[in-house]
Amino acid sequence: MPDSNVVLDMRGICKTFPGVIALSNVDFQLKKGEIHTLMGENGAGKSTLIKVLTGVYQIDDGEIILNGKEIRITSTQAAQKHGISTVYQEVNLCPNLSVAENIYIGREPIKRGAIDWDTINKNAKQLLEERLNLKIDVEKLLSSYSVAIQQMIAIARAVDISKGILILDEPTSSLDSNEVKELFKAMRKLKDEGMSIIFVSHFLEQVYEISDRITILRNGKFIGTYEADKLARIDLISKMVGKEFNNIESIIKKSREVSSKSSEGNFLKATKFGKKGTIEPFDLDIKQGEILGFAGLLGSGRSEIAKLIFGIDKSDSGTIKIGGSEYSYIYPLKAIKEGFGFCPEDRKVQGIIGELSIRENIILALQSSMGILKYLPMKKQQEISEKYVQLLKIATPSIEQRIDNLSGGNQQKVILARWLATNPKLLILDEPTRGIDVGAKSEVMKLVAKLAGEGMTIIFISSELQEMVRCCDRVFVLKDRMIIRELLGDEIQEKIIMRTIAQGGFSYGKNQA
Amino acid sequence: MEKTKRKSNLSKICSMSIFWPLMCLVCIIFINFIINPQFLSIQMRDGHLFGSLIDILNRAAPLILISLGMTIVIAVQGIDISVGSVIAICACISATVIVNNGGVVLAICAGLFAGLICGMWNGFLVAYIGVQPMVGTLILYIVGRGIAQLITDGKILTFTNKAFIFIGTGYLLIPMAVFIAIAVILIMYFVMRKTSLGLFVEAIGVNREASRFSGINATKVIFSLYAICGLLAGIAGIIICSNIKSADANNAGQWLELDAILSVVIGGTSMSGGRFYLGGTVIGALFIQSLTTTIYSIGVPPEVTLVVKAVVVITVVLIQSPIFRNMITRNTIIRKLKTKKVAKV
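Heads up: the sequence lines are chains A and B, in that order.
Everything in the first sequence is counted per the numbering used here, starting at 1 for the first residue and increasing by one.
Everything in the second sequence is counted per the numbering used here, starting at 1001 for the first residue and increasing by one.
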């Protein structure tokens, strides 16, 4: 007898792509009014399972039973008709439309043959207030709000479409802790109203805070479904990784001891460097071989400062001295030639070149630094790509695979490979661990430590303070587009960083003057 | 075992970008062959080759040139609808130089230079000012024929300079224009595939923002692509006016931009930019020219020629669409499965 509480029952789901078995014989059960977390490493099959459920992919084998009836989900529209709605990791809304339009796009209420704007605006406002406790002007453009608010709006839209099943694919990866709290409040409320929520996240703490049950996938295989409060964290991780979990911290500490010896000599010196409206002028000294952190909330200037140093944004004051030469501004190609590398924050928009192959993505920065006429011979290109695919353990059947076929973590590794191929002296990593799973995170962190140990200078930006505390030699705290404090040695603690941000600290720039 | 191997080889060939354009070209040549068995025959007369195929190659030369330019512009999510007008400008300038006894070399240089300047103007608008490509090139599309008329004083210039006429009508076993087209194809292939420009073009076409983060100067690259496109239109203009021994500001290269865009699409390059296929474009241009020739040779009434062309183009585009092909194959697979199930019962 099937459990009457089970809303959705997926049995023996199989899905193959050319060269990859994405899902093999996966079972998944969702009960009414539960928050069920899906966990697994990159390429474990989480995204594929969700895309199968939302009609993006069709299953090769297996059955999907919704409310006791077997269904076929042939398209995204079909999924919506069955009451399954999804919020993806990256906000999939139209920035040039108003908030209300975004919520009702494609199903606008019609009055006398015309779109009923009053109702749309009224309903949207009500929806956001009642279900998500969000009070904003719904007639403003979506792009005028922060990523966090946009995420909430995407969730509101999904909630409004959904008839019982809501899928949240890493909704928290771009939110700060307060926003996560708000989101969880909203999720609990929805759950109490009888909504079944499938939740995907890489943040362990969040998973334990919100989940009722956890299903673990590994390499496209079903590992098991567990009650969240009966599954110890270490068990969860070892089930995901499939082996005993290495203690990352000890590895990092060890390699740091080695690298701290090599920290000598100024590599980069910025004097009153800044850009109006983006980041206040700042002074900065970077020594060779150190790991420097920029901590701060979203929009505090932590990414802007990196973009300025790499020349994505053109500075309008001060100078930057790299090695022996001084510039009043630089541009990306110049930065690359000076030995800079930059893994940007937004992987999808600023990082990957979707349609191109892994090989082409890896050699791109190296090639652009070599210019148009010196084209790397194909053999050399393959050599470089193969080398980094092996070194970084990028999971792919071939280097000619399109990069957008890879999972998020593997895409991030390709971007890392793109810069490592240029043999950089300074590597700027802006949120290198966002949206990738625990296993890949630890790999990235290990790599950072290893590179710094080899004498590479690293600027590390992350919203996960724990990561920064673990690996940085120095941390600059930013707030309101300004560096407000420099932390050294024992001062680098999560608590101190948070307190500094909260209290505002003293102005770093003024202190220097 | 061998069967599956052969099957995978077949699917490999089918998935090659040049396969479908080539199939279309083969089909249209085959149709011509059925209608007129003489179609494929090539004869030697006075040391030159004659035949329908040679004729198609000769006439397709200008189209191939501007289609190649169009391909690289489309690859960076752009378009250049002004090429027809640029052809007219270049044709008129070259003809003016010839008529005023300026000499062949000067005439060619002036024509090419005019094309380059036109392309640079388009590139300046699109890459540096940020005008949308369609709008930016629309300016020259409209103004271009006006400029051409100003150059010729509104008259059709005719000339008899033998050396200049040789470019468009001369033969060295095969027509001169074909030699020019082959040379340009080889140069374009070299520039795009043996330097890193092609990689940069594709990267910019897929994701301009990410390309900038990788150190590519997208503005400069896009500017040069439009300049190249203009230069190629200049060469096409010279061939066209030399072929008809006159320059007509109103009709030279008219509607050619549309044929060029079609050639690019049939060749497999997506209008949304990214991957581009020079070989596919050449095949596409040959297809379009064969189609035009076929329509005339089988005596389709002039009032329905455009309709016939449209129907063929729609069919070709449908066949090339993977979604459409999947729809057909999926239906047959489902049908197969159903018959299997019945057999089991």
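Rather than coming from a laboratory, the hints here were simulated on the basis of the structure.
Remember, it's a predicted structure, so these values are computed and weren't measured experimentally.
Take these hints with a grain of salt, some might be off.
To be verified - With a straight-line Cα cutoff of 20 Å, these simulated DMTMM-like cross-link-like pairs (lysine to aspartate or glutamate) come out: (1) A/Lys314 - B/Glu1209; (2) A/Lys348 - B/Glu1209; (3) B/Lys1194 - A/Asp313; (4) B/Lys1220 - A/Asp118; (5) B/Lys1194 - A/Glu400; (6) B/Lys1012 - A/Glu383; (7) A/Lys334 - B/Asp1153.
Pair hint A/Lys314 and B/Glu1209, alpha-carbon separation not exceeding 20 Å: Holds, because 15 Å separates the two Cα atoms, which is no more than 20 Å.
Pair hint outcome, B/Lys1194 versus A/Asp313 [Cα-Cα no greater than 20 Å]: violated (32 Å)
Agreement of B/Lys1194 and A/Glu400 with the hint, judged by alpha carbon distance not exceeding 20 Å: Measuring from Cα to Cα gives roughly 18 Å; hence the hint holds.
Given pair status - A/Glu383, B/Lys1012, alpha carbons within 20 Å: Not satisfied, since the Cα-Cα distance of roughly 24 Å exceeds 20 Å.
Hinted pair A/Lys334 and B/Asp1153, Cα distance within 20 Å: violated (50 Å)
Agreement of B/Lys1220 and A/Asp118 with the hint, judged by alpha carbon distance not exceeding 20 Å: violated (47 Å)
20 Å Cα cutoff - pair A/Lys348, B/Glu1209: holds (10 Å)
Hint check: violations occur at hints 3, 4, 6 and 7; the rest are consistent with the structure.
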